[in-house]
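J.: Chains as they are written, first to last, in the numbering used here: chain A, 1 to 513; chain B, 514 to 578.
These aren't lab readings, by the way, just hints derived from the structure by calculation.
Owing to the predicted nature of the structure, the values given are computational and were not obtained by experimental measurement.
Check the hints yourself; a few may be wrong.
[What the hints assert, rightly or not] Just so you have them, the derived chain B footprint on chain A, three or more residues with Cβ under 8 Å: (1) 81-95; (2) 99-110; (3) 143-150; (4) 198-207; (5) 233-244; (6) 314-328.
[Said to hold, decoys possible] Here are some chain A residues pointing at chain B (derived, C-beta under 7 Å): (7) S257; (8) V288; (9) P492; (10) V496.
Quick reminder that beta carbons are idealized off the backbone N, C-alpha and C, glycines included.
For reference, the chains in residue letters:
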Amino acid sequence: MNTVVMSASATDTTVATTVFAVFMLLTVALGLLAVRGRGSGGGLAEWSVGGRSMGTVFIWVLMAGEGYTSFSYLGAAGWGYNHGAPVLYVIAYMSCGYALGYVVGPTLWSYARRHGLVTITDMVAHRYNRPWLGTLVAVLATVCLLPYIQLQITGMGVVVSTISYGAISLNWAYFIAFAVTTGFVVVSGLRGSAWVSVLKDILVIGTLGFLAVYVPLHYFDGYGPFLDRVVAEKPDWLTFTGHGGSGLGGTWFVTTSFLNSLTVVIFPTTVAGYLGARNADALRRNAVLLPFYNVLLFVPMLLGMAAIFVVPGLTGSASNLALFKLVVDSLPAWTVGVIGVAAALSSIVPMAVFMLVIGTMWGKSVLGTIPRLAGRPDRQRLAAQVVVVVAGVLALILTYATPNTLVRLSLISYEGMAQLVPMILLGLLWRKLSLWGALSGLVVGGTLVCALVFTENDPLWGVNAGALALVANVAVALAVSWLGPAPADPRPDEEVLASDPGPEESVPGRVTV
Amino acid sequence: MLKRPTLLWLLAPYILYLATLPLTNRIHPTVLGLPFLFFWLLLATLLTPAAVFLAWRGDKRRGRV
Numbered sequence: 001m002n003t004v005v006m007s008a009s010a011t012d013t014t015v016a017t018t019v020f021a022v023f024m025l026l027t028v029a030l031g032l033l034a035v036r037g038r039g040s041g042g043g044l045a046e047w048s049v050g051g052r053s054m055g056t057v058f059i060w061v062l063m064a065g066e067g068y069t070s071f072s073y074l075g076a077a078g079w080g081y082n083h084g085a086p087v088l089y090v091i092a093y094m095s096c097g098y099a100l101g102y103v104v105g106p107t108l109w110s111y112a113r114r115h116g117l118v119t120i121t122d123m124v125a126h127r128y129n130r131p132w133l134g135t136l137v138a139v140l141a142t143v144c145l146l147p148y149i150q151l152q153i154t155g156m157g158v159v160v161s162t163i164s165y166g167a168i169s170l171n172w173a174y175f176i177a178f179a180v181t182t183g184f185v186v187v188s189g190l191r192g193s194a195w196v197s198v199l200k201d202i203l204v205i206g207t208l209g210f211l212a213v214y215v216p217l218h219y220f221d222g223y224g225p226f227l228d229r230v231v232a233e234k235p236d237w238l239t240f241t242g243h244g245g246s247g248l249g250g251t252w253f254v255t256t257s258f259l260n261s262l263t264v265v266i267f268p269t270t271v272a273g274y275l276g277a278r279n280a281d282a283l284r285r286n287a288v289l290l291p292f293y294n295v296l297l298f299v300p301m302l303l304g305m306a307a308i309f310v311v312p313g314l315t316g317s318a319s320n321l322a323l324f325k326l327v328v329d330s331l332p333a334w335t336v337g338v339i340g341v342a343a344a345l346s347s348i349v350p351m352a353v354f355m356l357v358i359g360t361m362w363g364k365s366v367l368g369t370i371p372r373l374a375g376r377p378d379r380q381r382l383a384a385q386v387v388v389v390v391a392g393v394l395a396l397i398l399t400y401a402t403p404n405t406l407v408r409l410s411l412i413s414y415e416g417m418a419q420l421v422p423m424i425l426l427g428l429l430w431r432k433l434s435l436w437g438a439l440s441g442l443v444v445g446g447t448l449v450c451a452l453v454f455t456e457n458d459p460l461w462g463v464n465a466g467a468l469a470l471v472a473n474v475a476v477a478l479a480v481s482w483l484g485p486a487p488a489d490p491r492p493d494e495e496v497l498a499s500d501p502g503p504e505e506s507v508p509g510r511v512t513v
Numbered sequence: 514m515l516k517r518p519t520l521l522w523l524l525a526p527y528i529l530y531l532a533t534l535p536l537t538n539r540i541h542p543t544v545l546g547l548p549f550l551f552f553w554l555l556l557a558t559l560l561t562p563a564a565v566f567l568a569w570r571g572d573k574r575r576g577r578v
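Put together the whole structure using the sequences plus the hints.
T.: What follows is the structure, encoded as structure tokens:
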């Protein structure tokens, strides 16, 4: 990993580092204040989904906070710098997914509320009436999610090291990322993450808005000359397949965006946001408002392309710092510090929610199935909190010891999670999807993803490998459900299936059981 | 879907971002200096919330939510 060596004065270093330190303390304090006066009651649901009490504003802040990760500052700018157009898939899938969330959000919310569920793993356990299925899904999902924690740790490490002009080493920066996040999420759970998201969203909107105006003016005399120059000199960045033989063409863009839009609505961190809502209408309003946030994603992509002209020749992981090169190069130390804090919080908030959902899945569906913990939300909550620390420590150790293990795993993370879509979404809507059908589909889809990705056949024939695997997944799930054995389940459809709740269920405080 | 046609609005982003790509994957004409693909996707990003709003308004009018 390259750290940027800057010819910075000692004052610059002190100023930027102090700004950063103050905001990190503020972050932990804010996270802890979120649960002031709430005591330790409420069990797992209070910690995991904020007691299902958040209104439209908090849900918006939290979900915007989750969606805008360290990738947005680093990877998006880096992709923009290296390839150009293909990076737009991030905006496409998030917009499509947020729109889809208009129906999926309330559906999952009402299902979870009716049956007292806190995450996707106990949803499948309830749907298929098999606690062990929840355990299995929890373990698989953890394998897919751990790499994201590491990505946030390393992402924040690089940012912190850069904006401190090298004064904070990478290894210390990794540790700070872990310590700050664990420091509040263990205690205050989803509610704390939402509070920290308020600070994060304000800083992200403020700093990106500023950079969107400042960088073109400072380096190119405004947007007109900047865009003219890109169109004239870098046309291969501006359409698919983008620059540099990425192999990421239009078909890849469409299949990836489509697949990810289905995946994002059942992604455990998204679902945590859904379940935290006070009522279904808060989620519907949120689905209207959330896509606006995606406009901000254009900023790092464009700045990455601006960096092509300003700092040419970045390669490998250094290109991820395209945006920060511009920032450190042209702005005073305190501004560098504030922008660094915004980027650091973009690692911290998603990381907090990732750790939270891993804790929740294990507290409820893995350790929660042990007789001593079964049916005891207070003990499950304690177990979840312990798992949060363990998962964080594990990701931190792997970051230090074998960084490439999780990087390799991260390649299958999203496409792997996508293979849960039939089991969860189709299963909750369609009774005939049997346990064995859903499970065989998952096995076939998951195996296919691993096989294609690890043999470097992703994309295959220009199509996202996860999308191909999902087709096989659904085909097998349907075939086995029709032809295979159907486990007897005497429960009525209303008990097993989910549906988008009508007005009577949307009124706060009225629970239809 | 048939009982709630207003939900068809939710397909709008899929059409704007994905289905029209063969037509929009181009640099010219530039709009406000933006290469056409970037302009189109920015427009789609601004129209998506509007489409979801129309779905929501349709539900409200029918007393569905």
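J.: All the hints need checking, so say for each whether the structure fits it.
T.: Hints, verified against the model:
1. 81-95: Three-residue rule met by the segment 81-95 of chain A, so holds; n is 5.
2. 99-110: Holds: 5 residues of the segment 99-110 of chain A have a Cβ under 8 Å from chain B.
3. 143-150: violated (count 0)
4. 198-207: violated (count 0)
5. 233-244: holds (count 4)
6. 314-328: violated (count 0)
7. S257: With Cβ-Cβ at 6 Å, under 7 Å, it holds.
8. V288: Since the shortest Cβ distance to chain B is 5 Å, the answer is holds.
9. P492: This hint is violated: P492 of chain A lies away from chain B, its Cβ roughly 21 Å from the closest one there, beyond 7 Å.
10. V496: Result: violated, 21 Å to nearest chain B Cβ.
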